[in-house]
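One-letter residues, chain by chain:
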Amino acid sequence: MIVNSVLKGVRVVGDRTLKIVERVGATVAFLGLILVNSATSLKRPSLIVREVYYAGVQSLIIILVSGLFVGMVLGLQGHETLQKYGSEESVGVLVALALVREMGPVVSALLFASRAGSAITAEIGLMKATEQLSAMEMMAVSPVARVVAPRFWGGVLSMPLLALLFSSMGIFGGFVVAVVLIGVDNGAFWSQMQAAVDFRQDVVNGIIKSLVFGVAVSAIATFEGYEAPPTAEGVSGATTRTVVTSSLAILALDLLLTAFMLKGWN
Amino acid sequence: MERSTLNLWVGFFVLLGFGAFLMLAFKVGNLSIGASGKTYVVVAHFDNIGQLKERAPVRSAGVLVGRVSSIHFDAVHYNAEVRMSLDEQYHFPTDTSASVLTSGILGEQYIGLDAGGDDKMLKNGDEIKLAQGAMVLERLIGQFLFNKAQDGTTTKGAEK
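As they're listed, the protein sequences go chains A and B. Numbering-wise (the numbering used here), the first sequence opens with residue 17 and increments by one. Numbering-wise (the numbering used here), the second sequence opens with residue 32 and increments by one.
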């Protein structure tokens, strides 16, 4: 009896694990399918421009405002702690490094996943539910090439720009709190920041991270939409899965990338 | 939405992104010193500047009077040539001394000016002759140990 129920439990775990692996594999395979079918949208940039508008421009407000708040909080908290060591001028270094290396790419990717990723999933899922994708196939138009690929590339292009804007806005927020409100020395704030932030090591690595996150979020969002069961529940479930899976993927990839960037590639 | 409006917004977005990139890349290196903006430059040679950075503050009696404008290695005298721009409204005697100091334990380094008693004032391009470099902890400890050891030998000698 007990042995049977234990075996059943183990079987459930195994089943779940295999399903997760299967899902990851299917997403990567779908990413490959998108890349193969990208020629159409790359030849017609106007398709991508439209998606950059919906994924990027419409996320601007949330990214800019969140960046400002995150930077301000970093400035306040950083100043509070650094003050104890008599080096509150270093708050600029803290804010800039935290934003450019980590917070900028990661938080903007999380926001992007919930703001734009979910929208992409819902849109594609609903197109599938209302049989627009099947109609396209009937007309010998590949839905992956015409619908999925432009959304994917729009997301990939928007993500690094949004992360850069998030970081800049955050540094501005940190500046407002530390220099304007608290009264940290303006010159020391910027000079220590300039001395500590390395273009190649910090700024470029941050951009690489946000590019990787852009690919991951866009691939997951389009995959979930494309594979969503063509029902109301199916689309809503797919939208939720996009946000959850993207967030987990972002954080896991961030750990991997950070480890490689800090400790080298070999 | 109309194509031209769409392009306008996306163009705006991309330009904004590149602006952010440039800001992050060059990090606003153009904020100049005090409110008046008019400055004059004086030079000082230090044997060791420690962690002093360009744009570090120059203070006298704790008040910000200028900023370090450039730091170079003087290949003739084998020391550091530090140029600082001082605010036009502050004048210092020619026998003013400059030293590299640290604010707090882990704080930034700055140049402290101690005014002398000369009637003549420093002008643009003048050199501050009395310049004391940064303290290096290892040397300080080394010197301390050396002195301690020397004290030990002298007192032993006295006992005998």
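The set of hints was computed from the structure by calculation and includes no laboratory data. There's no promise every hint is true.
[What the hints assert, rightly or not] Facing chain A, according to a computed beta carbon distance under 10 Å, are these residues of chain B, among others:
no. : residue
1   : Leu55
2   : Asp145
3   : Met166
4   : Val167
5   : Phe175
6   : Phe177
7   : Lys179
[Said to hold, decoys possible] Computed Cβ-Cβ distance ranges for the label pairs, DEER-style:
no. : chain 1 : residue 1 : chain 2 : residue 2 : range
8   : B       : Arg170    : A       : Ile36     : 54 to 62 Å
9   : A       : Ala45     : B       : Leu39     : 47 to 55 Å
10  : A       : Phe85     : B       : Phe49     : 48 to 56 Å
11  : B       : Phe49     : A       : Gly30     : 30 to 38 Å
12  : B       : Leu176    : A       : Leu272    : 29 to 37 Å
13  : A       : Val220    : B       : Ala92     : 28 to 36 Å
14  : B       : Leu39     : A       : Pro246    : 35 to 43 Å
15  : B       : Phe49     : A       : Val157    : 30 to 38 Å
16  : B       : Ile172    : A       : Val89     : 38 to 46 Å
17  : B       : Leu39     : A       : Gly30     : 23 to 31 Å
[Stated by the list, open to error] According to the in silico footprint, chain A covers these stretches of chain B (three or more CB under 8 Å from chain A):
no. : region
18  : 38 to 47
19  : 85 to 91
Note that the structure is a prediction, hence the values are computed from the model and not measured. Just so you know, even glycine gets a beta-carbon here, dropped at the ideal spot from N, CA and C.
Looking at the structure, which of the earlier hints fail to hold?
-> Going through the list in order, the structure violates hints 2, 3, 4, 5, 6, 7, 9, 10, 11, 12, 13, 17 and respects the others.
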